[in-house]
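Reminder that position 219 of the sequence shown reads as 218 in numbering that gives the first Met the number 0, one-by-one numbering, no gaps.
Please note: incorrect hints may appear among the correct ones.
[To be verified] The list that follows gives simulated cross-link-like pairs (lysine-lysine, PhoX-like), each with its CA atoms no further than 25 Å apart:
no. : residue 1 : residue 2
1   : K114      : K301
2   : K51       : K40
3   : K51       : K4
4   : K376      : K364
5   : K258      : K380
6   : K368      : K258
[Unchecked claim] Quick list of the computed label-pair ranges, beta carbon to beta carbon:
no. : residue 1 : residue 2 : range
7   : A360      : K258      : 31 to 37 Å
8   : A360      : A62       : 55 to 61 Å
9   : K380      : P177      : 43 to 49 Å
These are computed hints drawn from the structure, not numbers from a lab.
Predicted, not measured: the structure shown is a model, and the values here were computed from it.
Every residue gets a Cβ at the ideal spot worked out from N, C-alpha and C, and that includes glycine.
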Amino acid sequence: MIDMKNLFFDALEIKSTDNLALHRFARAVGIPVDRLRYYNKCNKIPTGNDLKLIRDATGINEAELMIQMGVMDNRITSLIQKNAKQIYSLIKPQIENPDEMPSMPSLVYETTLGKLYQGDCLSLMKNMDSDSIDLIFADPPFNLKKLYPSKIDDNLKADQYLKWCTKWADECIRILKPGGSFFSWNLPKWNTHMSGYLNGRLTFRHWIAVDIKYTLPIKGRLYPSHYSLLYYCKGEKPARFHPDRLPMNICPHCVGDLKDYGGYKHKMNPDGINITDVWLDIPPVRHKKYKKRNGSNELSIKLLDRIIEMASDEGDIVFDPFGGSGTTYAVSEIKNRQWVGVEIGPVEDIVNRFENIGDDAAYLKKIRKNINCLITKEDLKRRIENRWWTPDSVRKKIK
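Between the sequences and the hints, there should be enough to build the whole structure, so can you do that?
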């Protein structure tokens, strides 16, 4: 459950710490205390009979409640837009002055293709040129109360966390080139909020569900089993879009078909199946053989390879504002992309990764040999031996 600021109680002029006042109000309006706390904790507008009871008791109507809680429908938003000049004149004195230009983070590592800085990503981005980056991939902390080496606060109130997310997203949008692509990796509960914000600034392309289980089953809930990857572009369409094609699914034992393709075999592209917005083949990085830092989650090379391949060309500039273990930077380097990176915490693991980048290059080569083909070379040989159809056999049969 997302814990929001006390906007509901503030609108009702109830202090969140005053339990006596809350119970008095609950008795007066006839709404259970637990339900009032739910509206406040999750920043939900009451509906139906509850809304009527609150309106009758306080005189506050739905529109005022929506504005005070920041949960506005299209009708209220439209009215605000029509009265923008008057509203701006009222709030102008309270609008924060633009932030001063922060100092540039320290450059700690450099290759012929990329630069790694140590410091706050906001400080770095404010020193970067507008419209200068081709591809941005962002994997921020998820606000899950984790202890990071950087000692950042990973236990913010939801409104504080989302405010911070919009700050770095604003800078990402500013430095992204027209036609550039922006990817944001996060839990669905946060990306549902971020997508609403991004929709007003970028062009939505896809919500990609990446099938990786990240928690134990939760009682009373469906088993969370996917991360969300938001994909947007700056402008009407992306300047680069060439997604990989994947092999068709076959039985790992007999290499036979798992799906009946019937009379459509001859229409199947020998380069592979179109990739969808549900990715089932991205492995979690849990084995110590592939982990580049202890104790922290890492992103799969396969994930970043797919994104960088799809949304950039060789020589393009890739930016990741949350360095982590450096997967984005390593894959960019191997794929001959320029890159800019920043990490607020220790950077030794990233530097060590580059000193041994041959390991990542070998693993990436292994991944890519099974991409952009309908049947992999190993499986093709076995299918011929087991007398299963192949693209060649289908074409010969038609002729």
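Do the hints match the structure? See the list:
1. Restraint check: the Cα-Cα separation between K114 and K301 comes to about 22 Å, which is no more than 25 Å; the hinted pair holds.
2. For the hint linking K51 to K40, the alpha-carbon distance of about 20 Å falls within 25 Å, and the restraint holds.
3. Between K51 and K4 the CA atoms are separated by roughly 23 Å; this keeps the pair inside 25 Å, and the hint holds.
4. A hinted pair counts as satisfied when its Cα atoms are at most 25 Å apart, and K376 with K364 qualifies at roughly 14 Å.
5. Taking the CA atoms of K258 and K380, the gap is about 20 Å. The hint holds against a cut of 25 Å.
6. Simply put, K368 and K258 have alpha-carbon atoms about 23 Å apart, close enough for the 25 Å limit, and the pair holds.
7. About 34 Å separates the C-beta atoms of A360 and K258, a value consistent with the hinted range of 31 to 37 Å.
8. Take A360 and A62: their Cβ atoms lie about 59 Å apart, and the range 55 to 61 Å holds.
9. For K380 and P177, the hinted distance range of 43 to 49 Å is satisfied, since their beta carbons lie about 47 Å from each other.
In summary, the structure agrees with every hint in the numbered list given earlier.
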